[in-house]
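Using the sequences provided together with the hints, build the complete structure.
Those protein sequences? They're chains A and B, same order as listed. Be aware that the first sequence starts at 1, since it is given in our numbering, and climbs by one per residue. Be aware that the second sequence starts at 1, since it is given in our numbering, and climbs by one per residue.
Rather than coming from a laboratory, the hints here were simulated on the basis of the structure. Glycine included, every Cβ here is placed at the ideal spot set by N, Cα and C. A couple of the hints might just be wrong.
Said to hold, decoys possible - With beta-carbon atoms standing in for the labels, derived distance ranges: (1) B:Asp224 - A:Asp361: 44 to 50 Å; (2) A:Gly291 - B:Arg176: 43 to 49 Å; (3) A:Asp306 - B:Asn191: 56 to 62 Å; (4) B:Glu230 - A:Gln295: 29 to 35 Å; (5) A:Glu173 - B:Asp139: 58 to 64 Å; (6) B:Arg123 - A:Ala230: 39 to 45 Å.
Claimed, not checked - With the C-beta cut set under 8 Å, the calculated list includes, among others, these residues of chain A facing chain B: (7) Ala13; (8) Lys17; (9) Ile44; (10) Thr49; (11) Val55; (12) Leu58; (13) Lys59; (14) Asn97; (15) Arg101; (16) Pro272; (17) Phe355.
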Amino acid sequence: MESRITEKLKILADAAKYDVSCSSSGGKRKNENKGLGNAEGMGICHSYTEDGRCVSLLKILLTNHCIFDCAYCVTRKSNDVKRAAFTVQEVVDLTVNFYRRNYIEGLFLSSGIFKNADYTMERLVRVAKKLRQEEKFNGYIHLKTIPGASDELIKEAGLYADRLSVNIELPSEMSLQQLAPEKNYSEILLPMGSIKDQLILAKEEKQLFKSAPAFAPAGQSTQLIVGASAENDHQILQLSNQLYKDYSLKRVYYSGYVPISSDNRLPIITEPPIIRENRIYQADWLMRFYGFNVQEIVDEQNPHLDLDIDPKLGWALRNRHMFPVEINTADYEMILRVPGIGVKSAKKIVSARRFTPLNFDNLRQMGVVLKRAKYFITCQTKTMYRQDFDSQTLKRRILFGDGSVRSSLLTQQLDLFKQVG
Amino acid sequence: MGLYTYDGTFEGLLTVVFEAYERKTWPHTIEQEHLAQPSMFGQNIAVTTDEEKVSRVWKGLQKKLSVGALKALYHTYLWEQPGFEMLLFDYMKLAIDSKECIEDNYAASCVLRVQQAAKQMFREKHRMEAFVRFQKTADDLYYATISPDFNVLPLIIQHFEKRYADQRWVIYDTQRKYGAFYDLNAVTLVNLESQPDKRTSSAANNIFSEEEDKYKQLWQVYFDHVNIPERKNPKLHLRHIPKRYWKYLSEKQPRLQLETK
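Dropping the structure here:
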């Protein structure tokens, strides 16, 4: 028995790990029935894998049998891998026993498409239902929505799950046709739209009746693969921007394509594009938390994010006329735009300056990182630098000067380019 | 200037504040009674904790500070790092003497340091909430030991009480030698006479339930298989889980080999 379940866990965790979502926050499920678990607070990462990613949920596929043949996916029909399937009870037991030992915040359950969409979705829903109703489980549940599943099933999934997600994976219809012939955009966007409608409906009902059932209280998310197809950063970020606006997604995840597949429909790469993925995440953050417009980050003229520097610094270097910013008088929004100053530092600055005019020492003590910021700010009209640098010099100084070290990852990738060239 | 000694409790510290104002003698050092060395200079003042004085100081602070700032004071007390008593005293004195609320004045060093201490406490608390690993004993008790950098056990109890409302559990701080025990109704603080230690002998293994090794092994298997070797990043890994926390984590222990049946 033991060895069977171990074997299944190996196969089905391996198959699920390329889905990068691990968030366990945003749920509002309280433990009110003296049951097991509580998901009202912030998310918790219970461990970290050796690749540095958070382990918060038991992330597995129900099965890796699949009728689809998407080129980028390990689970694709034509790939020669071991197949396995959990029973509903096995997933429930694993989740509950891991949760009770404080290994995880909950379950992230996805699946290969087994027979058809509804058949698969119905099984995913059954796991969630059993956890909620029989085990009185109040931990976090993230269910994948299978494109093509019926509205009723999606609706039921939302009653038990904290988050639902449909993965778009490929950032354009054209790539989808090439790499995932069985899928199309309208079929993916359809469940996304109906989840969005349900979310709005549930919210309205909640305002009328307090007892109205919650629908996926942590909202919906999706994932885009970066580097498996030809889209540039401008196209990708434009799409995310649209998804945030039109489908009110909580998160768009980006997964740098890991060359797992020898499928000849895919580009040949040796290393996952980790730095590019990181820059796209930084840009995503700028759109969601820093008040940036997607057009300010990338546009037709600059369709790619600079790999050497973060996109906020990139923006600042293109917009030197907006700087320097006087720390003691500038608006919060403008302080937030200074490279190197994050939300926490910006808030601290704005509240501390009410007591006393701030100088560079104050900033340093408050923990504001000045490595990049010092070139873009003044404190009581004083700058840290006499001379004016042009943008090129500035970039070089920030990257290499002042004894700064390059990120080891960047060095690693630059070395690789050298090897190739 | 004087050397104040107190009984080591938070209430004792608040009493010191009261006494200092009453005597108009500001402390240069505040120490716990049993640690204190009499000072050759200035006065030595031994303070006895007094409910009445405690509540007057606390009420005074409540008028000057938000709930968040009061919490930060208590957390700085649990932080227990050298000099925390004087730091707290300086903060409370600044708060009492100022007309305006001082809690956001990060340009004042005691405000900044209390905020930093509270942040360290928050991090350690959050880490304990994440890294505690329960082991199920044969009599259905979920047992975990911790030895956090700071005294965060009082701060994590509520989290675990809400989460594991339907199982009996113990979290024991091996360094400070006390623990929290939840019996399905309420949490009590306990001192165990002998704590089960999984390393002492193989006989100790018997106290854990039969399925314990099975789930520990499954967890290790899971941990190894969610990793993407192509993305290996040891630096980032270590930044997230510094080595001193590995002792808690079953996934960071030698791999269990179960007999296959």
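Comparing the hints with the structure gives:
Distance hint check for Asp224 of chain B and Asp361 of chain A: the Cβ-Cβ separation is about 48 Å, which falls inside the suggested range of 44 to 50 Å. Between Gly291 of chain A and Arg176 of chain B, the C-beta spacing of about 46 Å keeps the proposed range 43 to 49 Å intact. Under the hint 56 to 62 Å, the C-beta atoms of Asp306 of chain A and Asn191 of chain B, about 59 Å apart, fit the expected range. Between Glu230 of chain B and Gln295 of chain A the CB atoms are about 34 Å apart, so this pair conforms to the stated range of 29 to 35 Å.
Range check, Glu173 of chain A to Asp139 of chain B: about 60 Å between beta-carbon atoms, so the 58 to 64 Å window is met. For the hinted restraint 39 to 45 Å between Arg123 of chain B and Ala230 of chain A, the CB-CB distance of approximately 42 Å keeps it satisfied. For the restraint placing Ala13 of chain A at the interface with chain B, the shortest Cβ-Cβ distance is roughly 4 Å, inside the 8 Å limit, so the hint holds. The beta carbon of Lys17 of chain A is positioned within 8 Å of a beta carbon in chain B (closest approach about 5 Å), and the interface hint is therefore held.
With a least beta-carbon distance of about 5 Å to chain B, the hint placing Ile44 of chain A at the interface is held under the 8 Å criterion. Interface hint at Thr49 of chain A: satisfied, since its Cβ lies 4 Å from the closest Cβ of chain B, which is below the 8 Å cut-off. Evaluation of the Val55 of chain A hint against chain B yields a held restraint, the C-beta minimum of about 6 Å falling below 8 Å. Look at Leu58 of chain A: its Cβ gets to within about 7 Å of chain B, closer than 8 Å, so that hint holds up.
A cut of 8 Å between beta carbons decides the hint on Lys59 of chain A: the least distance to chain B is about 6 Å, and the hint holds. Interface hint status for Asn97 of chain A: upheld, as the beta-carbon distance to the closest one in chain B is roughly 5 Å, under 8 Å. A hinted interface residue such as Arg101 of chain A counts as satisfied when its beta carbon comes closer than 8 Å to some beta carbon of chain B; here the least separation is about 5 Å, so the hint holds. The criterion of a C-beta within 8 Å of any C-beta in chain B is met by Pro272 of chain A, whose closest approach is roughly 6 Å, and the hint holds.
For Phe355 of chain A, the shortest C-beta to C-beta distance to chain B is roughly 4 Å, which falls under 8 Å, so the interface hint holds.
Violated hints are absent here; each numbered hint is respected by the structure.
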